[in-house]
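Heads up: the sequence shown begins at 3 in the numbering used here, then just goes up one per residue.
Worth flagging that the hints you see were computed from the coordinates, not collected in a lab.
Ideal Cβ placement from N, Cα and C applies to all residues, glycine included.
Accuracy of the hints is not assured; some may be wrong.
[To be verified] Lysine to aspartate or glutamate pairs mimicking EDC-like chemistry, simulated, CA-CA at most 16 Å apart: (1) K521 to E439; (2) K163 to D266; (3) K171 to D182; (4) K521 to E477; (5) K163 to D182; (6) K171 to E126; (7) K171 to E183.
[What the hints assert, rightly or not] Derived Cβ-Cβ restraints for the label pairs, each shown as a range: (8) L289 to V328: 46 to 54 Å; (9) N393 to T346: 26 to 34 Å; (10) I247 to F175: 40 to 48 Å; (11) G344 to D436: 25 to 33 Å; (12) S437 to H306: 56 to 64 Å.
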Amino acid sequence: MTAKSVPSFPLIRARYWAALLLPGGLGCADAVGGDGIPSAQFAIRAELPSAMANGFFDLDIDRVRIRMTRPPAEPVLDTVVLFPADSSQLTVRLRVPLVSRREQLVLAMELRSGQRLLFAGSREVEVTDAATVAPAIPLQYVGPGQQVNGVRIEPRDSVLKPGDTFTFKVFGFFNGVPVDEFYVGWASANPAIAAIDAAGSVTAPGNRGSVMIHAITPTGVKDSTRLWFSPPPASMSLVGGNNQIGFAGSQLGALLAVQLVATDGLGVPGWRVRFIPLGGGSVRDTLAITDAEGVARTVATLGHIAGNQPFEALIPFQPPVIFNIVAIAGPPARVLPLSGNGQTGQVGTLLNNLLVASVTDIFGNPAGGVPVTWSILSGNGTLEEASLETNPSGLATALFRLGATPGGNTVRAAVGAAPLFTDFSATGTIGVADSIEIVSGDSVSALPGSTLPPFVVRVTDAVGNPVAGVTVTWEIVTGTGVLTPASSLTDAAGTASTVYRLGPGFGTREVQARIPGGKSVLFTATAAP
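Please build the complete structure, drawing on both the sequences and the hints.
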């Protein structure tokens with residue numbers, strides 16, 4: 003965008019009138035007006051903001067407003083002067099009435115485009131009948147977009163083929179909120195390589211190279227981007243980051259990198275490369291820009307599921323390239339009881355099912371090859387065939403034999419020094435009746451018809467625990483008499499009893515106590531005179 007050049011604003015004055023020249027050369031000479039009163043010539047200079055010198059603006063300034071006041075607020079002059087469209091300078095002669103040979107007046111200037119105010123400024127000036135040094139009137143931009151405090155050029159870091167023309171866009175913001183209307187100037191850091199016009203258009207030269215493009219507002223807010231000039235890419239190849247292995251969910255150690263090369267064998271800078279995760283991962287830059295060597299790079303992060311996680315790099319008119327990446331399970335984070343927890347079995351026996359512990363990372367991927375420590379926290383059982391590390395599926399197993407004592411058992415599978423573990427519970431129950439033994443009442447002598455002391459037996463399981471609720475059947479094997487009762491149940495101590503009354507006659511009597519399964523004991527008694 004261009005602004006009409008306004009380097010200075012000379013002012014001619016006499017004692018009671020003055021002529022204002024906008025702009026022209028600064029003069030300083032004594033003169034005599036037509037009324038014979040001596041006069042002095044002096045000038046004023048308008049200073050545009052420094053940002054105006056840094057960009058190619060297109061501000062259509064078509065009029066100048068001039069106001070003079072005598073302090074505190076007495077109007078002296080207020081006029082608008084048109085600025086010819088085909089001119090970069092303006093000369094105007096205005097009569098300024100004065101009341102003394104030396105006065106302090108306030109001069110205000112405005113540069114306008116139609117009714118739109120663009121620049122404004124004022125200062126106090128001293129008017130005398132002698133030669134006066136030209137005072138500067140600093141002008142500030144007060145037009146549309148004066149509040150803009152951020153601009154952004156789009157696209158960023160672009161590339162043009164030789165002879166192509168491209169027009170940039172620029173966006174303005176106030177505290178991050180877009181501003182619809184604002185002025186901006188364009189500048190090329192090296193116009194000898196490539197110039198940029200007021201619309202932001204650039205035509206690429208025939209040779210390779212690059213140039214910085216700047217956009218700047220009248221208030222000095224600016225942005226820059228690099229524009230490359232290069233032939234288009236003829237090929238794309240992998241130059242870094244391929245065949246990596248990393249923990250699931252983690253960032254890869256090496257950047258994914260591809261290089262674009264033109265037909266002249268040199269890299270193609272400023273070209274956009276699209277990186278796409280194909281296996282659940284992510285990339286920092288979906289679009290990455292090639293550097294001066296034609297290399298585009300991005301950071302890749304693996305997805306949460308272990309396995310193959312390829313990534314793809316794409317550009318138009320060229321086949322994609324694939325990065326072969328494998329995600330493995332991360333460090334152990336969880337230990338869970340997969341199966342075998344909460345079993346019940348007879349004391350002294352192996353549990354029916356294996357104790358199976360599952361070790362995974364934080365995302366649930368099985369962690370293979372992890373050392374596992376098995377321990378018994380309660381109960382008196384034993385561990386048999388316990389695996390010392392997890393298999394490729396992240397599983398560790400153990401066989402558990404219940405101890406002789408019925409009740410609860412706790413087995414722990416732990417991983418590492420940190421508190422990563424899982425506990426298995428198991429309950430041992432008394433086994434089936436396995437043996438019977440005489441407690442009391444055997445080998446007693448008494449008169450025929452007498453009632454003998456009770457016959458008492460104890461029923462136990464295979465490891466000697468008393469078994470309650472077992473039916474004991476009593477039977478007279480030899481002799482006569484009466485058994486009361488003929489069958490009885492074992493109590494909590496595993497004991498059962500009966501009472502035997504001898505029949506008539508003398509001699510040895512035999513009574514059998516039998517449990518289910520056929521095991522029995524034999525009591526003897528003697529009927530004697």
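Going through the hints against the structure:
| no. | hint | in the structure |
| --- | --- | --- |
| 1 | K521 to E439 | 10 Å, holds |
| 2 | K163 to D266 | 13 Å, holds |
| 3 | K171 to D182 | 13 Å, holds |
| 4 | K521 to E477 | 13 Å, holds |
| 5 | K163 to D182 | 32 Å, violated |
| 6 | K171 to E126 | 41 Å, violated |
| 7 | K171 to E183 | 13 Å, holds |
| 8 | L289 to V328: 46 to 54 Å | 26 Å, violated |
| 9 | N393 to T346: 26 to 34 Å | 27 Å, holds |
| 10 | I247 to F175: 40 to 48 Å | 44 Å, holds |
| 11 | G344 to D436: 25 to 33 Å | 26 Å, holds |
| 12 | S437 to H306: 56 to 64 Å | 58 Å, holds |
Hint violations for this structure: numbers 5, 6, 8, all remaining hints satisfied.
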